[in-house]
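Engineer: Now for the letters of each chain:
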Amino acid sequence: MNNSNSFLPIFLLIIIWQSASLLANTDVFPSVVDILKSFYEHLVHKDLIFHVAITLKRVLIAFFIAMFLGVILGIMMGLSSKINLFFDIFLIIGLNIPALVTIIICYIWFGLTDFSAILAVIINKVPIIIVNIREGVKSMDKKYLQLAQVYSLSSKDIIKNIYLPQIYPYIMATTRLTISLVWKIVLVVELLGRSDGVGFQIAMFFQDFDITSIFAYSFAFIFIVILIEKMILNPIENRVKKWR
Amino acid sequence: MVKIEIKEKKFNEIKILENINISLYDGEFLSIIGPSGCGKTTLLNIVSSLDKEFVGNINLFSSNIGFVFQDSRLLPWLNIKENLLLISKDKNLETINELLKIVGLEDILETYPKNLSGGMARRISFVRAFVNKPKILFLDEPFVSLDYPTATSLKKDFLKLCKKFNTTVILVTHDLSEAIFLSNRILFFSKNPATCIFEYENKNNQEFNLKKIDELKNELLELYPHILEGFL
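Chains A and B supply the protein sequences, listed in that same order.
According to my numbering, the first sequence holds residues 1 to 244 in order.
According to my numbering, the second sequence holds residues 1001 to 1232 in order.
Take these hints with a grain of salt, some might be off.
Claimed, not checked - Straight-line distance between alpha carbons at most 25 Å, and here's what the computed SDA-like set of lysine to any residue pairs gives: (1) A:Lys142 - B:Leu1050; (2) B:Lys1155 - B:Pro1193; (3) A:Lys160 - B:Asn1115; (4) A:Lys143 - B:Leu1223; (5) B:Lys1212 - A:Lys143; (6) B:Lys1114 - A:Pro165; (7) B:Lys1133 - A:Ser152; (8) B:Lys1155 - B:Glu1098; (9) B:Lys1089 - A:Ile159; (10) B:Lys1052 - A:Arg244; (11) A:Lys143 - A:Arg244; (12) A:Lys143 - B:Ala1121.
Simulated from the structure, these hints should not be mistaken for lab results.
All chains should be modelled from the sequences, with the hints used to inform the complete structure.
Structural biologist: Now the structure itself:
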């Protein structure tokens, strides 16, 4: 789908939304125009940029640390059955423990701080990254390792030219998944124990029943996600997969 | 010089190889022929240190080896230049270009493997095997799935490379004509477990003369029908 085509569904959604909101004619279903007005108001006259920036900072820190740990552990668990066996039980617990429990425990143990918030997100998201990367490593074609062995390639060459290109699709898919999951969980963490950020603001708007502002913040949010996808993820993907 | 002594190789308690003793002189071209699934690839894997679980002793007197697999095994995410430089010890592009010229492939350094024909990819895998001027080369049925003219021309280019570097070669194949064309000596292997049952000093002298190759092949089949029956 080219760029002009990918805007078509959004355009259709806007038309449907606007028509439905006009038909519903209620404060809890604001029109697109009202949402854009509210967005402008928050952007120019209030502190949307400040709260979005705070949230974005938490998302990025949590994302990079979670990906770093998850990819390393995923590769190790995929390569070694002993390491896999050792960490597997922790992985099962990590995958199934409710996010709410982790968040509250982190807040109780380490206080209502950014450290606790980010730690809770990392604990929640590392297991899913490990699972994805581990599967990628397990699905690697072993015949290329024979090649590396016969020609005595260095460990650096094996990692860079044999492992990484094969698990690269899994890393990209996991990156997308993790960004979307981290965004969501950071908002919950902010709602439960921070006094700034998008999650905190949405909690405030909820108390005031200000649904238009909730949509305005969501709009800012979606805009950033699309920006990350188009400006960062897509170019990286296109550059690396030219051999396919 | 290469000395191979395999007393026994088991897989899941089943004996695959037994009592194999082979010595090769420098620059010798040895072919191993045997029925499908007899353990020829296992033998190559052991000799090239890909498989270390066996009873015996392998002495190659050099660590500079090359291997041509049944498939071209080029890394699809690297272009031809990157594929060859990855293996090259001195990272010398001149050597690579010289080898590519010998096999008749130039101006393809920036090409990705997906854009090569099967024959071209196989040629590149031979070039890769010679990039470090190997002392010993192992070939695991590298000419299968190639059409006759492509395989023949590749075999001729391959012999040129072998002579240029005085490389000792062990070729595993099931094609007797191919073995007669290329090798100085042919070993015939039995199955379950694989062991050498017959050794043939080849009189062909690596010439591509179809008539002569056919004559030698027929002579072999007539002289030793009881040995060759069943797996040729």
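Engineer: Tell me if the straight-line CA distance from Lys1155 (chain B) to Pro1193 (chain B) falls inside 25 Å.
Structural biologist: violated (30 Å)
Engineer: Is Lys1089 (chain B) within 25 Å of Ile159 (chain A), Cα to Cα?
Structural biologist: Given that 25 Å is the threshold and the Cα spacing comes to 18 Å, the pair holds.
Engineer: Check the hint pairing Lys143 (chain A) with Ala1121 (chain B) against an upper bound of 25 Å on the C-alpha distance.
Structural biologist: Given that 25 Å is the threshold and the Cα spacing comes to 16 Å, the pair holds.
Engineer: Quick one, are Lys160 (chain A) and Asn1115 (chain B) close enough, alpha carbons at most 25 Å?
Structural biologist: Roughly 23 Å separates the two Cα atoms, so the pair holds.
Engineer: Tell me if the straight-line CA distance from Lys1052 (chain B) to Arg244 (chain A) falls inside 25 Å.
Structural biologist: violated (35 Å)
Engineer: Under the criterion that the straight-line Cα-Cα distance not exceed 25 Å, is the pair Lys143 (chain A), Leu1223 (chain B) satisfied?
Structural biologist: violated (40 Å)
Engineer: Hey, Lys1155 (chain B) versus Glu1098 (chain B), does the alpha-carbon distance stay inside 25 Å?
Structural biologist: holds (18 Å)
Engineer: Hey, Lys1114 (chain B) versus Pro165 (chain A), does the alpha-carbon distance stay inside 25 Å?
Structural biologist: Roughly 15 Å between the alpha carbons, so the hint for Lys1114 (chain B) and Pro165 (chain A) holds.
Engineer: Does Leu1050 (chain B) lie within 25 Å of Lys142 (chain A) when you go C-alpha to C-alpha?
Structural biologist: Measuring from Cα to Cα gives roughly 12 Å; hence the hint holds.
Engineer: Is Lys1133 (chain B) close enough to Ser152 (chain A), meaning Cα to Cα at most 25 Å?
Structural biologist: holds (15 Å)
Engineer: Between Lys1212 (chain B) and Lys143 (chain A), is the straight-line Cα distance small enough, at 25 Å or below?
Structural biologist: violated (38 Å)
Engineer: Starting from Lys143 (chain A), check that the Cα of Arg244 (chain A) is at most 25 Å away, please.
Structural biologist: holds (19 Å)
This entry does not satisfy hints 2, 4, 5, 10, going by the numbered hints stated previously.
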